[in-house]
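Quick note on numbering: the sequence shown equals residues 1 to 173 in my numbering.
Just so you know, these hints were derived from the structure itself, not from any lab.
If you're wondering where the values come from, they're calculated on a predicted model, not measured in any experiment.
Careful, some of the hints might be misleading.
Below, a list of computed lysine-lysine pairs in the DSS-like style, where the Cα atoms sit at most 30 Å apart [as the list claims (entries may be wrong)]:
id, residue 1, residue 2
1, Lys102, Lys91
2, Lys137, Lys126
3, Lys91, Lys52
4, Lys137, Lys102
5, Lys8, Lys22
6, Lys137, Lys147
7, Lys8, Lys52
8, Lys87, Lys102
9, Lys87, Lys52
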Amino acid sequence: MNTSEVAKLIGVSTSTIQRWVKQLDLPMERNERGHYYFSSEDIELLKEIHEKLQNGTLIQEIVPLKKEKIPRKGIAKAVEDNQVLEKLLTKVSELENNLNSKADSVVSYQLLQHRRELEDLQHLVKDLTQQVEQLQKQMNDLQMASKIDEPLVFDHKKVKRKKKNIVSSLFGF
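I would like the entire structure built from these sequences, with the hints used as guidance.
In structure tokens:
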């Protein structure tokens with residue numbers, strides 16, 4: 001029986017049963033989850049404790065029959081747990097190595113991509129420089145050609161001419 005069933009049978013709360021087990025250090029068995037389960041002998045012992053307490057005996061004065069403590073039943077998976085842990089650690093290590101190699105390959109790819117982009121930019125700058133040089137040469141050639149076409153003027157000073165009066169301009173003197 002579990003704790004709540006025994007508590008209903010005796011007529012006390014589940015916390016009272018748990019308190020008696022702890023305070024009197026009763027050797028009760030537990031299941032895998034740590035819950036108490038009681039045999040018919042355990043139930044008889046708890047009924048006696050309940051009667052003594054009903055008759056006015058203090059809980060500190062109750063000395064139950066010390067039953068040989070039965071070791072708790074549990075599942076020991078120490079060896080398997082170590083093997084599982086080792087497998088997990090191995091898997092984590094493999095994943096870390098894969099991650100590092102992937103990161104290295106990504107960085108290498110990015111470096112190659114940047115190198116290609118830099119080379120393309122260098123070619124573009126070289127082409128632009130050549131075009132600028134050609135344009136400068138063409139501009140210089142045009143300037144030289146325009147200087148050749150200009151008439152030769154020796155004196156660039158303005159000559160002061162005497163103004164003709166209206167009468168002389170009419171008759172052409």
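Going down the list of hints, with the structure as the test:
no. : hint            : result
1   : Lys102 - Lys91  : 16 Å, holds
2   : Lys137 - Lys126 : 17 Å, holds
3   : Lys91 - Lys52   : 60 Å, violated
4   : Lys137 - Lys102 : 53 Å, violated
5   : Lys8 - Lys22    : 19 Å, holds
6   : Lys137 - Lys147 : 15 Å, holds
7   : Lys8 - Lys52    : 18 Å, holds
8   : Lys87 - Lys102  : 22 Å, holds
9   : Lys87 - Lys52   : 56 Å, violated
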